[in-house]
Every structure is written in structure tokens, then in C-alpha cells.
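Asks: Sequence:
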Amino acid sequence: MNETIGSYINEALGGVHSGEGHQFNFYLRAAESRLREQASKRRLTIAQSDRNHLYQRFVPPPRLQQAREELRRSHTVLVDGLPGSGRRTAALMLLHELSASRGSLHELPDTADDRTASPLDTHDINDGDRLLLDLSGVDESRYVAVQQVLSDFRSSILSHDAHLAVVLPHHLNYLLQSNLRRFTVEIGRPAAKRVFVRHLRCEDILPSAEEGGGHDLASYLAQAPLRDVSELADRIKRCRNTSGAERGFSHWLSESLAGQHNQTARVAADISTGHGGRQRALLLSLAMFHGTPPGIVLQATNALLGILSHPPDPAPRLDRADLHAEFTGIGAETLPDGQVQFRRAGYDRAVREHFWTFMPDIRRQLRDWFRTCLTEPALTQLDRRKAVERFAEQSLRTGRPEDLTWLAEQWTRRGARAHLVADAAQVLALGLDHDQYGRTFRQQIYDWATSTETSPGLKGVLIVVCSETMGRSHPDQALVRLHHLARRANGQVRVNAQDALLRLAKSDSRLYRRLLDRLSAGIDQSQWAADFELFLALADPTRLTGSRTVRESLTASWTAVLRRPVGSWATPVGHWLDTCTDRRHRDRSLAILVAACAADSRVSGHLYRVALGWQRSDARGPETRADTVSCLLQRINAAQGIEPYEQAV
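Residue numbering for the sequence shown follows our numbering, starting at 11 and increasing by one per position.
If you're looking for bench data, these hints aren't it; they were derived computationally from the structure.
Treat the hints with caution; some may be incorrect.
Computed spacing ranges between beta-carbons, pair by pair [as the list claims (entries may be wrong)]:
| # | residue 1 | residue 2 | range |
| --- | --- | --- | --- |
| 1 | Gly-341 | Ser-253 | 24 to 32 angstroms |
| 2 | Asp-137 | Arg-192 | 23 to 31 angstroms |
| 3 | Gly-556 | Gln-644 | 17 to 25 angstroms |
Heads up, simulated DSS-like pairs for lysine-lysine below, C-alpha to C-alpha not over 30 angstroms straight-line [claimed, not checked]:
| # | residue 1 | residue 2 |
| --- | --- | --- |
| 4 | Lys-247 | Lys-396 |
| 5 | Lys-247 | Lys-203 |
| 6 | Lys-396 | Lys-203 |
Ideal placement from N, C-alpha and C gives every residue a C-beta, glycine not left out.
Let the sequences and hints guide you as you build the complete structure.
Replies: This is the structure:
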């Protein structure tokens with residue numbers, strides 16, 4: 011397959027006028043599928059369904075009751091605790107327990123999108139909201155900046171009868187201001203065994219005391235972060251579903267723990283004794299593409315040797331060992347299905363960690379090598395997904411998030427192969443899901459979304475990532491980025507961005523209000539033509555018009571729209587008037603339109619003529635819409651100070 015992103019962009023993204031682009035869209039759908047699968051394994055978002063799932067499995071940590079009482083008393087709690095103790099989950103569950111009769115539960119943005127004045131924005135607070143602020147991964151400067159405005163922010167929290175739970179960065183405890191310590195509760199780590207058993211019970215897996223009391227399991231639970239404990243339970247569930255219930259818990263546990271065995275010391279010893287350059291390249295290639303055919307591993311090995319400028323073996327090929335012998339020499343075997351893997355469980359992970367940890371000077375070359383390897387179209391989607399996960403894990407573990415953003419740019423530039431689209435989306439999604447570097451990726455995606463230099467291919471990937479990953483965990487920030495993409499993109503990318511933005515905004519009343527507010531704030535400047543299209547597609551005369559702020563946003567945007575040529579808004583106004591035939595919505599809907607043109611009698615005249623045309627176009631006869639048009643005229647006259655004749659005499 012020699013298709014390239016460039017060719018598809020010319021057809022679908024850069025040149026949508028031709029109407030082509032089905033193949034590129036196929037790769038975008040593959041990216042969406044991969045990200046949905048990834049999201050299904052990580053239920054740490056604030057969506058209602060995910061919170062319900064998490065609450066069923068939640069084990070209250072020590073001192074949670076103290077945190078609960080503080081949140082109810084002062085409407086604010088600062089949750090501290092050691093990394094891996096479940097701080098974020100505890101804070102989220104505290105908010106989840108509160109009444110949901112008003113407002114919504116959402117996470118405050120952790121980037122300064124479109125504003126630089128304050129790290130916290132009181133516009134993010136609505137009556138009865140339950141707000142989560144995760145500071146666990148922030149740096150010193152942002153932590154100090156947030157604390158400086160937190161007192162004023164709390165005042166708005168109280169005035170809106172909202173609640174705020176903040177996850178503190180434990181490593182920056184020395185920077186916590188004294189006036190905030192009274193809101194702070196340091197939770198303990200819940201018993202990992204209880205967390206593990208609770209997760210299993212929710213999946214109808216009930217091991218006996220003997221099955222759940224083994225040494226390997228106890229050792230793992232003693233040192234694993236709680237997120238890994240829940241992931242182990244999830245692996246056991248998947249193993250049960252794939253291998254069959256008859257195999258039993260002991261088998262499921264053994265299979266699920268297999269990849270967790272610590273082979274670090276063995277790998278270090280093996281590499282230091284007797285492995286030359288080619289063997290080491292073969293080791294890493296197999297570790298990265300574990301479970302793939304021999305040909306894939308060989309191609310990766312040769313690519314790594316080339317990138318590292320390793321001298322070629324001068325011996326004739328038939329005088330050198332074949333792959334079977336080479337695999338045997340590094341402790342690997344070829345399975346009956348033709349896939350190659352190490353004999354020892356967990357050996358592949360230890361090899362990857364060894365190279366990234368103890369050869370830091372070649373990390374950039376490893377990035378370039380991995381980029382080259384993924385251009386190979388023979389890799390299956392499953393092989394690609396696993397390889398991307400492995401590379402991302404090592405890059406993030408060693409503090410190199412920029413390697414992932416670089417790969418995303420390279421895999422979506424003009425001329426790159428189209429099948430790399432899903433890989434680019436996945437590396438960004440993995441970065442977004444990372445506890446420490448998620449904010450870094452959200453900021454980078456914002457920078458890309460607002461840049462004129464971002465390639466069409468990357469913009470297409472960003473739409474998928476914002477919709478499928480960021481939209482689940484940080485919907486406010488996803489909305490901002492999709493809005494910028496919808497404004498700046500062209501062709502099919504612009505259409506996709508608008509569709510994704512509207513789906514997100516319409517999915518939640520708070521997000522609907524937020525997008526209306528964003529549109530009304532800038533639409534009168536006519537800088538972005540997309541804003542007019544977005545408003546006309548978003549505005550709903552039956553949704554939330556009882557809210558004063560919603561009516562103000564609708565009025566401001568309609569004011570800008572009605573100043574444009576009549577042909578651009580006549581049809582949408584007709585749809586708006588359709589709703590006005592229902593007396594339940596008539597008064598507010600007409601009031602919004604009339605207020606939008608009250609300052610300009612010429613625009614009022616245009617609106618009235620459009621309404622007359624709308625009345626005449628009714629197949630049932632003009633009289634069925636006469637009441638609505640008459641009501642509109644009365645409101646227009648009243649707005650212009652024209653009294654009815656019977657009142658004027």
C-alpha cells in the first residue's frame with residue numbers, strides 16, 4: 011500500500027471541492043475506534059456513566075469521612091496524599107456523592123485557554139456545580155498562582171452554592187499557604203486487597219481465600235499503585251472472557267500477572283554478558299514488537315542498526331546464523347502461529363525499560379527508529395496499537411513527552427503514509443491520559459489548534475483526539491480546541507471540526523451555554539465566518555431560554571447574524587419561527603429576535619419581510635402562521651415606540 015496522507019489530503023482534506031476522501035476518512039474512523047477501545051480501559055473521566063462505574067468499585071480510603079465533612083461544611087476540600095493513594099478518585103467520589111439536583115459535575119480547565127488574566131475563571135462556576143481541580147501534576151509556579159486566587163474563587167463558589175474538591179501535588183506540600191491548610195485532608199491508601207476484591211466482585215468473580223492468598227498476588231498488591239490494582243482486576247476479567255470460565259481463577263490470575271514479573275536484574279545481566287550490537291538490537295526490536303512475525307522483528311532490527319550507524323556484518327549471509335538461531339540466543343521462541351516472543355514472562359517490558367533507562371544518550375535515535383518502523387504497512391492494527399503503547403510508556407516514564415508530539419507531527423505531515431493516522435491519534439491520546447503529562451498535551455493541542463502552521467492531517471487527528479479522549483476527561487478544553495479548529499480549518503477538516511464541536515456542545519447543557527457564550531463574545535467582530543455557521547446550527551429556541559444569560563447570548567449572536575445579507579439567515583429564521591407556532595415557546599423566541607434588531611429599523615424591516623415570506627410558504631395556508639407574524643409585528647412596533655392605533659387615539 012503506497013497511499014499517502016498527502017494524496018488523501020489533496021482529495022479530502024485540502025481539496026474537499028472534489029468530493030473525494032473516503033479512504034482518508036476510513037483511517038480517521040480507525041483512529042476513533044482505537045481511541046474508544048483505549049478509553050474503555052481507563053474509567054477515570056468525570057462522565058456520569060464512568061462515575062457510576064467507579065463508585066460501585068470504590069473503597070473509601072482512611073480519613074475520607076473527614077474530607078467529606080470538610081466539603082459539606084466549607085464547600086471546599088483540598089485532598090492530599092501520597093502518589094498512588096487514589097487522591098483523584100477520592101476527590102471525584104466526594105463530589106459524586108453530593109446532590110445532583112442543580113448544576114453539573116465538571117473539571118476545571120488546567121490550561122490558560124484564550125485568557126491569561128487568572129489561572130481560575132469564575133465564569134466556570136454555575137449554581138450548584140460540583141467542581142474538580144486536579145493540581146497533582148502542576149509545577150511550582152502554577153501551584154503558587156492558583157493559591158493566590160483561590161480565596162476569591164472560593165467566594166464565588168459559596169455565592170453559587172457550589173462545591174470544590176482540589177487534588178493537591180503532594181511533592182509541593184511545602185508551598186501550601188497557611189490560610190488553606192484548614193481545608194486540607196490527607197487521605198491514606200486503602201487496602202489494595204480490598205480494592206482488588208471489590209473490583210472482582212463487580213464482575214461476578216469470587217475467588218476463594220486460597221486462590222486470592224498467593225505470594226505473587228500479595229507481592230504485587232503491596233507495591234502497585236491503586237490504578238494498577240484496578241487494571242489487574244480488569245485483565246483478569248478479560249482473561250476470563252477470552253479463555254473461558256472453566257480455566258478457573260488461578261489460571262486467569264497467572265495469565266494476568268505474567269507481564270508484571272520483574273525481570274530487570276536478569277535483563278541487565280544478560281545484556282552485560284555476551285550480547286553484541288546485533289543481539290542487543292534484536293532484543294530491543296523483539297521487545298518493542300513482541301508477538302509479531304520474524305520478518306517484522308528483522309526489519310526493525312536492521313533499521314535500528316542503521317540509525318545507530320552500526321557497522322554491517324561483512325560475512326556472507328549464508329555464513330551467518332538464521333533468525334531461529336538468533337532468537338534462541340536471546341531467549342525467544344517462535345510459536346505455532348508464527349509469532350515470536352520471549353520465553354520468560356515480563357522479559358519484554360524489562361528489556362524496554364533497560365534501554366530507555368540505561369542508554370539515555372540514544373533516546374532521540376530510538377524515537378527516529380520507531381517512527382521508521384511504524385511506516386511498515388505489514389503491521390496489523392493490533393500490532394501497531396501495542397507497539398505505540400510500549401513506546402509511549404517508555405517516553406513518558408523517562409520524561410520525554412516531546413517525542414510523542416514530534417511523532418504525531420511526523421505521522422500527519424504531507425507525504426506521510428495514511429495508515430499512520432490512527433498511530434498519531436493514539437500517541438496523543440496516551441499523552442492526554444497520563445497523570446503527569448496530560449496538561450502538557452492539552453496545552454500542545456491548544457497551540458496546534460490556534461496555529462496557522464498546523465498541517466491538515468494533524469488537524470484531522472486533533473478533531474478525533476478532542477472528541478474521543480479529551481472530550482471525555484476535559485470537555486471544556488476539548489470544546490475550546492474544537493472551536494479553534496472549526497474556525498481555522500478548511501474543506502472537509504472544517505466540516506468535521508464543526509460537526510464534532512456541535513455534537514459535544516449539544517450533549518450537555520453547560521457546554522451548550524459555554525459555546526453560546528463563546529460565539530456571542532466574538533461574532534460581532536465578524537473575524538471568523540465559521541462562527542455564524544456554528545451559531546445557526548447550534549441555536550435552539552426551545553433550549554434553556556428561561557436562563558437570562560442564555561437569552562443574552564442568543565440575542566447578541568442574532569444581532570450580528572441579522573446584519574448580514576438576508577439570504578444568509580432567511581432559512582434559519584424560518585426554522586426559528588417554526589418553533590414559535592407553539593405558544594409555549596413563542597414569547598421568549600420572538601423576544602430574542604426582536605431584541606436582536608431593535609436598534610436598527612432597517613434590520614427589523616428585513617426580519618418582518620422574511621416572516622411574511624415564511625407565512626406565505628406554509629402549504630396549509632398563510633392563516634396558520636398569521637398569529638406568529640402578527641405577534642412579531644407587535645413586538646417590533648413596541649420596540650420602536652410605535653403604539654397600536656387604538657392606544658394612540
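Asks: Confirm or reject each hint.
Replies: Verification of the supplied hints:
1. Gly-341 <-> Ser-253: 24 to 32 angstroms: Given range 24 to 32 angstroms: holds, Cβ gap about 25 angstroms.
2. Asp-137 <-> Arg-192: 23 to 31 angstroms: holds, 25 angstroms
3. Gly-556 <-> Gln-644: 17 to 25 angstroms: holds, 22 angstroms
4. Lys-247 <-> Lys-396: holds, 19 angstroms
5. Lys-247 <-> Lys-203: holds, 16 angstroms
6. Lys-396 <-> Lys-203: holds, 29 angstroms
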